[in-house]
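Number of protein chains: 2
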Amino acid sequence: MIIDGRAIATDILAGVRESISRAGMVRAVVVSPTPATESYLSIKSARAEEAGMHLEIVRLAESATEADVIEAIEEPGCDAVIVQLPLPEHLDEKKILDAIPERLDADVLSIRAYARFSLDEPDALLPPVVASIDEILSRSKVYPAGKGVAVVGQGRLVGAPSASWFVNQGAEVMVVTKESGDLSMLREADIIVTGAGSPCLIKPEHLQEGVVLIDAGTSESGGAIVGDADPACAAKASVFTPVPGGVGPIAVACLFRNVAILMERALQEG
Amino acid sequence: MIIDGRAIATDILAGVRESISRAGMVRAVVVSPTPATESYLSIKSARAEEAGMHLEIVRLAESATEADVIEAIEEPGCDAVIVQLPLPEHLDEKKILDAIPERLDADVLSIRAYARFSLDEPDALLPPVVASIDEILSRSKVYPAGKGVAVVGQGRLVGAPSASWFVNQGAEVMVVTKESGDLSMLREADIIVTGAGSPCLIKPEHLQEGVVLIDAGTSESGGAIVGDADPACAAKASVFTPVPGGVGPIAVACLFRNVAILMERALQEG
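So the sequence lines, in the order shown, correspond to chains A and B.
Quick note: the first sequence uses the numbering used here, first residue 24, plus one each step.
Quick note: the second sequence uses the numbering used here, first residue 24, plus one each step.
Worth flagging that the hints you see were computed from the coordinates, not collected in a lab.
Watch out, some of these pointers could steer you wrong.
The list cannot tell twin chains apart, which means a pair is met if one copy fits it or any two copies do.
[Stated by the list, open to error] No more than 30 Å apart at the CA atoms, straight line, and that leaves these computed lysine-lysine pairs for DSS-like:
#1 LYS117 <-> LYS170
#2 LYS67 <-> LYS170
#3 LYS118 <-> LYS259
#4 LYS170 <-> LYS259
#5 LYS259 <-> LYS201
#6 LYS226 <-> LYS117
#7 LYS226 <-> LYS170
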């Protein structure tokens, strides 16, 4: 089965729209936008509208200081703040992400929100990529407990949170990195999540028949966005997410679902 | 091989003593001490002296408020602060632990220090129990990469950080909890770390011959401190840590080694 990420995203966004009692306001802070980041932001804007929300984009110049970025984050008047990554090199990314107040951190990028998630605390939000994996698995009726899971990559956005989540779900988890990386181990995995950002890293011969292959890697190759998995892997997988059109759109929808959860929480806390 | 935790602890503490250029000052904040906590504190005091440090114990009454505890934590004049757990129920444990400044958090109990550890950041300290596992494995020449590891329990002090660390080391990790818990899976593990706090939970028939069994569980049974593993497991294990006298003393020594690292870092940062 090839996952139709756009259809799932549409479904999630419609649910978000129904669940909120007023239009949500999400601020995206972006420093020195490139054509690629503008393109991501215009997709996020369109999805925000589908969710019944508005994306306010704050564009800062390349010369912005940490204090400027943090001021833009802290400015009142929104339900959530997202910081578009990557930031220019002269800025301390961790310090900036940690400035996002937890009650506004729909992307789970501050270390406090991330730690609550990784410790599986009951009120923690799932990072959008993890929420999209959860969504794909549950819609495919695949239950991670007891399964052998291989996670390719250890990045902050895909590998690290995915490994942490699968451990918390009771799966048997192995992380494969480019350094340690012996891809032959992937043949033993029931579920593979990959976030390496290496085009065509994963090939059909690495897989066991019937594997669930969730490709959350993205890189550019010849002007096109491609994933970590050779598209030929689809034939061997019982569940396969294409790039583009798989994890990406679902993760964006899950981001706005997180905003709705934060809005609901703020409402309850008065 | 049965690990002699006290001998390893003595060795680590002697190394710490040599590495520091002045006596370290560690503050232990304890609310409403019981005979058990007083006993732990007197052990920690003795180990502090072995490390060339002094343990200043601040005892607060049962009626202490969160603000009182946080004030005791924030009072200047020490190289590290430890908060003796458990705290009385009326206090918000997370809030109090998060008040420990990272530069003083030798126990890695604040969520920021914990998150840096779980994300495997280069400057992160290892929580003392994890550091003791690392010490036991490296002294036994057991390398976790590629090994099958079962972690029993998901607590904040043993299960959660151990699982996180083994994933970062490239092991294949499975967490077994009392709820999900099927102990028959332990037979497949090369390394078992247990922190359930259930006397004699793990029995020889759960183990494969030659397993490395690290018992970090402690509970009281008939007035004695016992671990999670039936002592009969020692015969089947290639490496076995007894309780008492295994992980416990090594973890205390690693706590003071963490203090020495924090002191060195403060010195370098001027």
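Tested hints:
1. LYS117 <-> LYS170: Neither: 33 Å inside a chain and 32 Å across chains, both beyond 30 Å.
2. LYS67 <-> LYS170: Result: close neither inside a copy nor across copies, 33 Å intra and 42 Å inter.
3. LYS118 <-> LYS259: neither (43 Å within a copy, 49 Å between copies)
4. LYS170 <-> LYS259: both (18 Å within a copy, 27 Å between copies)
5. LYS259 <-> LYS201: Within one copy only: 23 Å inside a chain, 36 Å across chains, cut-off 30 Å.
6. LYS226 <-> LYS117: Neither: 34 Å inside a chain and 45 Å across chains, both beyond 30 Å.
7. LYS226 <-> LYS170: This pair counts as both: shortest intra-copy Cα distance 21 Å, inter-copy 24 Å.
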